[in-house]
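Sequences and hints are given; from them, build the entire structure.
One line per chain: the protein sequences are A and B, in this order.
The opening position of the first sequence corresponds to residue 1 in the UniProt record's numbering, with each subsequent residue numbered one higher.
The opening position of the second sequence corresponds to residue 1 in the UniProt record's numbering, with each subsequent residue numbered one higher.
Take these hints with a grain of salt, some might be off.
What the hints assert, rightly or not - Some chain B residues flagged as far from chain A (calculated, every beta-carbon gap over 12 Å):
| no. | residue |
| --- | --- |
| 1 | R6 |
| 2 | E56 |
| 3 | R74 |
| 4 | T86 |
| 5 | F183 |
| 6 | L186 |
| 7 | R221 |
| 8 | D234 |
| 9 | K242 |
| 10 | L244 |
| 11 | T264 |
Unchecked claim - These stretches of chain B come out as covered by chain A in the derived footprint (C-beta under 8 Å, 3 or more residues):
| no. | stretch |
| --- | --- |
| 12 | 16-22 |
| 13 | 125-133 |
| 14 | 145-154 |
| 15 | 285-299 |
Read the hints as simulated data drawn from the structure, not as lab findings.
Glycine included, C-beta positions come from ideal geometry on N, C-alpha and C.
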Amino acid sequence: MGDVKRRRIDELAARAGQVPEGEGGVSLTRSAFRRLRRDPVAIIGAVIVVTFLLVALFAPWLAPRDPLAQTLLSQIRPGLIPGSQEGFPLGVDNLGRDLLSRLIYGSRQSLMIGVVSTVLGVAAGMALGIIAGAFGGWVDTVVMRFVDILLSIPGLLMAISISVLLGQNQYALMIAIAVTQVPIFARLLRGSMLVQRGSDYALAARALGIRKRRIVFGHVLPNSLSPVIVQATLSLATAIIEAAALSFLGLGDPDLARPEWGAMLANAQAFLSVRPELAVYPALCIIVVALGFTLLGESLREALDPKFRR
Amino acid sequence: MEHVLRFIVRRLLQLIPILLGLSVLLFAWLRALPGGPAQAALGERATPEAIARYNELFGLDEPLIVQYLRFLGRAIRLDFGTSARTGRAVTTEFLERMPGTIELTIFAMIFAIGVGIPLGYLAARRHGSWLDSTSVIGSLLGVAIPVFFLAYLLRLGFAVELGWLPGSGRQDVRMDATRITNFYVLDGLLTREWDAAWDAVLHLVLPAIALGTIPLAIIVRITRASVLDVVNEDYVRTANAKGLATSTVRRRHIIKNALLPVSTTIGLQTGLLLSGAVLTESVFAFGGVGSALYDALFARDFAVLQGFILMLAIVYVLVNLLVDISYGLLDPRVRVR
Numbered sequence: 001m002g003d004v005k006r007r008r009i010d011e012l013a014a015r016a017g018q019v020p021e022g023e024g025g026v027s028l029t030r031s032a033f034r035r036l037r038r039d040p041v042a043i044i045g046a047v048i049v050v051t052f053l054l055v056a057l058f059a060p061w062l063a064p065r066d067p068l069a070q071t072l073l074s075q076i077r078p079g080l081i082p083g084s085q086e087g088f089p090l091g092v093d094n095l096g097r098d099l100l101s102r103l104i105y106g107s108r109q110s111l112m113i114g115v116v117s118t119v120l121g122v123a124a125g126m127a128l129g130i131i132a133g134a135f136g137g138w139v140d141t142v143v144m145r146f147v148d149i150l151l152s153i154p155g156l157l158m159a160i161s162i163s164v165l166l167g168q169n170q171y172a173l174m175i176a177i178a179v180t181q182v183p184i185f186a187r188l189l190r191g192s193m194l195v196q197r198g199s200d201y202a203l204a205a206r207a208l209g210i211r212k213r214r215i216v217f218g219h220v221l222p223n224s225l226s227p228v229i230v231q232a233t234l235s236l237a238t239a240i241i242e243a244a245a246l247s248f249l250g251l252g253d254p255d256l257a258r259p260e261w262g263a264m265l266a267n268a269q270a271f272l273s274v275r276p277e278l279a280v281y282p283a284l285c286i287i288v289v290a291l292g293f294t295l296l297g298e299s300l301r302e303a304l305d306p307k308f309r310r
Numbered sequence: 001m002e003h004v005l006r007f008i009v010r011r012l013l014q015l016i017p018i019l020l021g022l023s024v025l026l027f028a029w030l031r032a033l034p035g036g037p038a039q040a041a042l043g044e045r046a047t048p049e050a051i052a053r054y055n056e057l058f059g060l061d062e063p064l065i066v067q068y069l070r071f072l073g074r075a076i077r078l079d080f081g082t083s084a085r086t087g088r089a090v091t092t093e094f095l096e097r098m099p100g101t102i103e104l105t106i107f108a109m110i111f112a113i114g115v116g117i118p119l120g121y122l123a124a125r126r127h128g129s130w131l132d133s134t135s136v137i138g139s140l141l142g143v144a145i146p147v148f149f150l151a152y153l154l155r156l157g158f159a160v161e162l163g164w165l166p167g168s169g170r171q172d173v174r175m176d177a178t179r180i181t182n183f184y185v186l187d188g189l190l191t192r193e194w195d196a197a198w199d200a201v202l203h204l205v206l207p208a209i210a211l212g213t214i215p216l217a218i219i220v221r222i223t224r225a226s227v228l229d230v231v232n233e234d235y236v237r238t239a240n241a242k243g244l245a246t247s248t249v250r251r252r253h254i255i256k257n258a259l260l261p262v263s264t265t266i267g268l269q270t271g272l273l274l275s276g277a278v279l280t281e282s283v284f285a286f287g288g289v290g291s292a293l294y295d296a297l298f299a300r301d302f303a304v305l306q307g308f309i310l311m312l313a314i315v316y317v318l319v320n321l322l323v324d325i326s327y328g329l330l331d332p333r334v335r336v337r
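What follows is the structure, given as structure tokens:
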């Protein structure tokens, strides 16, 4: 709820698809892409994101060791976890598993949680937004009331309730994070579709007698997408951080063998005074990836949004 | 004045469907849990007979709509049953712990606002300087760092290693302080037990910094962006052109207008903190609502979870309502709709 909160989402939506001046002859997408390529912030963000995606993709080739093998278990004593040494550049975790390999493999799980939950959240939010934005009238009212109720529950509390409901597994984790994102996307898309529906080209299309479905899906929707794309990029960062928080609350993946940054970080808190590196490295991974998505999202916003154009 | 009142009344009326919707969601939530409310109340090892007896006793074998109305009736009287773990009334426990969370939120917001607004303002005025870049990077990092990790780092650094500040609880357990309101700092001031008040303040420092970091980052960003916007406005140029003193332009034209978006951010963030202190409080074993929620989560104490989440959501909704109303008072354009 919160009129202010809703208004803020609507403001973002209202700026979608405004045509920039003095760039005639070049498609909006291409001109946005051109601006993006010249923006150093966007490049840094993209490099970070692509690097981590490649690491996740090629984890089996990059990781020096098996992330599950408890190779150095025999060296571990209470209050002693061996650090960096020959063959183990970052040392091992509390069960004697190579930390570097676990971080590399962990990128797979963490990025997947981020991507899957964001895709789910965007899809469900967009479906609601399209229904509300395309039909208007009482359908809009009903859908938006529901969305307002979802918005009135603070994200973390909602994620907690849903994880508790669905039980402790990685899919529940993704769904829980996805649900917290649904209302934002629904409201965003609906708002920007309303703006587009009132635009001259939509009116022209209607005057030409084009069918409603074609106007909505062929004209209004494509032009309403840019705030959604921006928000989705930013949400990837939030999703990964939120996954770590849920892991910390004991709602993460119960399979502790499967490396995942959030779970590694949560698990390492118990050994913080013995070897803080166990927490620091996964935390750094989370921070850097979140930063990468945020930088990319912010510069996307600047590239797509005429108001930010300088 | 009349239209302001009408605005407030309308906003209050809009609360009703939201609160009803919330109650339906949480009612459905408890019913949808494996085993349902009986299992939730009796614990995971309850026998089927016990569950059947419980269902009969509490009318859980009746139609859902009857059950919902009964739940609603109790919810309006703030009766959410008793905790399976401590056997105490959920509402009592909530009210006992809420002052701690409110105190923590206030201190966190003092930290976030006190540092955030000056920093954002200076960053904007020295646009492009090292201070500007540092605060931009800092505010990006502040949002990216997992809160509980930051909390652990602060605790390890300043409480465990350096020993400068206490790292857990709300007050030294040896301190035999008198309780009046359960706001420990306030209690200390009221009873003139200065050392107790000071001790409570010290206990608040680290959790408040951890909790305040995200709002700090957001406030710096919004202040900076908003000051940059306002500085380029025509009315600022006019004010400068007609020869007003720089300090007058700064105070009357720049800061006053730039703080409008900041004030809403502050309001929204306060609402989030009141409800979102779960992570910070549990790291510092702070004894507020958040750490109780954390304990209930691990004990799967559903009565507490349901009651606390509903009451926190209500607090959140009410704080947002206050933000809306104050925003309506600050900015007359909003009231028109």
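Original post:
Which of the numbered hints are not met once you compare them with the structure shown?
Top reply: 7, 11 and 13
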